[in-house]
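Enquirer: Now for the letters of each chain:
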Amino acid sequence: MQILEEIARKVVDGGYLEVKELTQSAVNQGINIKDILDQGLVAGMSVVGERFKKNEVFLPNVLMAARAMKSGMEILEPLLIETGTEPIGRIALGAVQGDIHDIGKNLVAIVLKGAGFEVIDLGVNVPPQRFVKAAKEGVPLIGMSALLGTTMPFMKINIEAFEEAGVRDQVKIIIGGAVVSQAYADQIGADGYAPDAVSAVDEAKRLLSLS
Amino acid sequence: MASQYIGRQHMAAAFRREYTDRVPTRVIFGLGHFLPLTGVSPKEFLTQPEKFVEVVAKQQELIPSDAFSINVEDDALNAEAAGANSGITRQDVTAHRKEGIPILSDKATFSKFSLPAVEEIARLPYFLEVCKLANSTIKHAALDPFLPGPWSTAAIWRGVENIIYDTADDLAFVHELLRYTTEYVKMVGKALLQTGLELMTLYEPSASCTVASPDIFRNIIKPYLEEAIRSLHEFKSGVPIYAHMCGYNDPIIEDIIATGIDGLSVDELTNFKKLVEVSQGRIVIIGSTPTSLFLEGTNQQLEESIRECIDTAAEGSGYILCSGCMISDNAPIEKVRYFLEFGHEYGSKYIEKIKKA
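Protein sequence lines correspond, in order, to chains A and B. Under the working numbering, the first residue of the first sequence is numbered 1, with each subsequent residue one higher. Under the working numbering, the first residue of the second sequence is numbered 1, with each subsequent residue one higher.
Chain B extracted, bound-state conformation (with noise of 0.2 Å):
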């Protein structure tokens, strides 16, 4: 039977622990498999925000997700942070990062950083279009733009294992480069949220302890996340800002709980039990279908995999079903439905029952 309710209003449930008729469920899907189907180029993508928009509405129509994702982090955003006074131009960031080599691999570049205006970021103002646009235009899911954090902003930047063996050589840099990592993410945040956003991401790959450790987490990158979600929640109450990490965060969950954030997208790498058992409604929880079952595995599969975390996370609401991060642009488009639909089909019987209890 059809939802009465769109996916924004499952996802603003979930936030406000109400039950709707069924569980939220969303997938992290790129946009490049749709680009074909649309026949928008890559230039017109990347350079013109309707076009943005009409491939995200075209992956909406194929894979009616409840929450859709754009991704405010690209080599020309980086590039244009760092600022004029660097040298350092889009094409550079580009290459390095092609073949691997991060922009602040030497160091002494740091130094010729500045933080730009927001109008100065050549690449934002196209974003926070797209936002605009994707927001007012797709009405019927919640726009969650996907801003990396203040220490995955400072890993992108410096390499991650430049950064991690900085924390024993140089800590004073890493304490310098997060408190602009910071200071950056506040101000494109804040600018994400005049949008009018309902919903947005902080991305913290490089912050679980697949990445880091306990002890990096807590004294080092902590801080600077919590600062960057109170300042963004100072600055526009009421629209919920949760953290994405995926990979091994069980050592740290009370550490993420205590930055306030108000929900954790995992993967499979976390044990989804324990984060429910310790989180115990204090955050809403986001996750966690293998997303190596949307390439191999069979719907008998999704279908396990989704029960299991139905069963058990959505009591009490605050909790969305998601796919892990993130699914293959080669996965079937048919396997991503299938997780929707039967996703949609256990999630509305479960509710009926706890709604029935």
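Looking at chain A on its own, in the form it has when it is part of the complex (with noise of 0.2 Å):
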């Protein structure tokens, strides 16, 4: 569908205000709201992502596509509540404490929640006993991100309180940031890792058994 295509096409090229018009045209012409989402908006942002993945792009390339998702979704969003559709997880994402850097964490976010993902932001500098708050809550996906040498130790101190308080079996984490890697993850006993925001979709889908 021509409209969907040029979506993607402007989600690709960062025009936010494209995207919101185009958007809003789609839903005006009763294109169903899942094409809309799929087609057009997370279309273009996987376009994006694998790019950014092959290093053909850089974050200011997918934080603005990922400005124009955005754009989109917020006129879906409360369309897809109203038609009762159910996220297919929830997910619980802060930046651990001391670091405030969130423009990865923001990243994801808009991404898993364009993957039918709720996202419950923690917002940054969350202490251990705030994301140990969200696993009892019953969120079953914890991310942590860290961006900072200095602030990386908290994400292993985190998974200590999650031990502590009894609910380590319950939740899976991932991880990420520019210091973090697959090897730190599997040393401090994480569940998942994710070098970008577009991994992070496939690494939430797998550790949620959605995959």
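Fair warning: there could be bad hints in the mix.
Here are the simulated lysine to any residue pairs, SDA-like style, with alpha carbons at most 20 Å apart [as the list claims (entries may be wrong)]:
#1 LYS98(B) x PRO195(A)
#2 LYS356(B) x GLU345(B)
#3 LYS156(A) x GLU296(B)
Covered stretches of chain B, going by a simulated chain A footprint (3 or more residues, C-beta under 8 Å) [said to hold, decoys possible]:
#4 61 to 74
#5 136 to 148
Since the hints were made in silico from the structure, they are not lab data. Backbone N, C-alpha and C fix where the C-beta goes; we use that ideal spot for every residue, glycine too.
Assembly of the complex is requested from the two constituent chains, each provided in isolation within its own frame, with the hints serving as guidance.
Expert: Okay, structure coming up:
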């Protein structure tokens, strides 16, 4: 459908005003909401995600695309709720204690929402107890980000906090951030690691046995 | 065998492309770990230069790095730099930072900014005193102040995400902000150079391709960084100024060199071999044992990294072995010491082998 291809192209280009307009137009035309989301917004974001993995585009391009996707999702989200579409999973996301960098976390949140997840954004500088609280409230997947070598240790501290609270086996933990690696995830006992926002969707689905 | 040279001499030799008797070796490690060991309170640390230097001295006693860093950027400095006319106080900046809200999240605030005189930046005289005292007190190691460069200063104040959107939505504003931050960096940099420094770092973590892009670096960031470096070189020739850019820099190595920097400090996200190959000795390279090894790695893994770094980059001098940025306060001191000890040992053997060849 031409308009959905155009939405996808505009997401790739980062044209957030055009995406908003085109998304509304697609809704007005009566196109299925899930199709607009998947074949328009998510399709465009996936193209950018793949190019990012290959170093063909960089974070600014991803940010612009995510902003464009978000502008379309703001129109679709209320409509999805109206149709009774259930989220495919729930995740609580936060930057660990002492870390106020949130770009990566925000990107992951946008892409996960696009993929159908309910995202509880815990914000930045999140102390261990808040992550534990999310687990106690039944959130099955916890995402933690750290951008600094100095804040990275809080990922392990948080995992220990889950163990002390007796909720470690109730959650899956995924970590990410520029200083983090798969090796570090393995060392500290995290369940998953994602090097970028698009990979985070695949990893989240894997951890919740959705893929 | 103990070196016949002190840390300052090792560092200076690297920038002169000369050998001493081992590869210069340093770490990037905060001072917070050492406050309790000295009994200095945080307030004393932040307000009394002699207490600050006491903590640095304790750090150097326990981890004898060839250079030590002082981070010349704090919330109060940001607030003062904005000038009294902005109505922004140090407390505002601190509160904003804790919540992750940048002080220029509202672009309109920038219209109230004016570039103050150096003596009007209330915290800067404190840092200048610290630099003078540290330089004259800690004689064996090189003082290396870390000052955010024009782009990273702008990104701190405006917010990284916001300034990236601005590059598409309001490029004129980005340039206006960068002109301001460049003048600010030049002003503070010159004041620092006047304290008798032998070395200085402009740190630009937000300028790497982990955060920015090659286009943004080349078309927006580079001219201002180049201007700041040129101005500082002209002000005080002979003092090496290097850039610290954590993150992925592979696509922009030539562009970074073209800014006129004397050296580049990187972490493990930049391909170290590629950096050495492309730079061909035109800049001093500093790096890059991953910081995670200081937390969770074994001594064998540290040794492997040290060997790889030295074998890759140390030929011809112009290389300083360093940790990535930055080692966590939680890292065991023994690991940091081991890095330095093995770095010295392997670095000595390497230089011996080179000199015999």
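Enquirer: Each hint should be assessed against the structure and marked as holding or not.
Expert: Structure-based check of all given hints:
no.: 1; hint: LYS98(B) x PRO195(A); in the structure: violated (26 Å)
no.: 2; hint: LYS356(B) x GLU345(B); in the structure: holds (17 Å)
no.: 3; hint: LYS156(A) x GLU296(B); in the structure: holds (10 Å)
no.: 4; hint: 61 to 74; in the structure: violated (count 0)
no.: 5; hint: 136 to 148; in the structure: violated (count 0)
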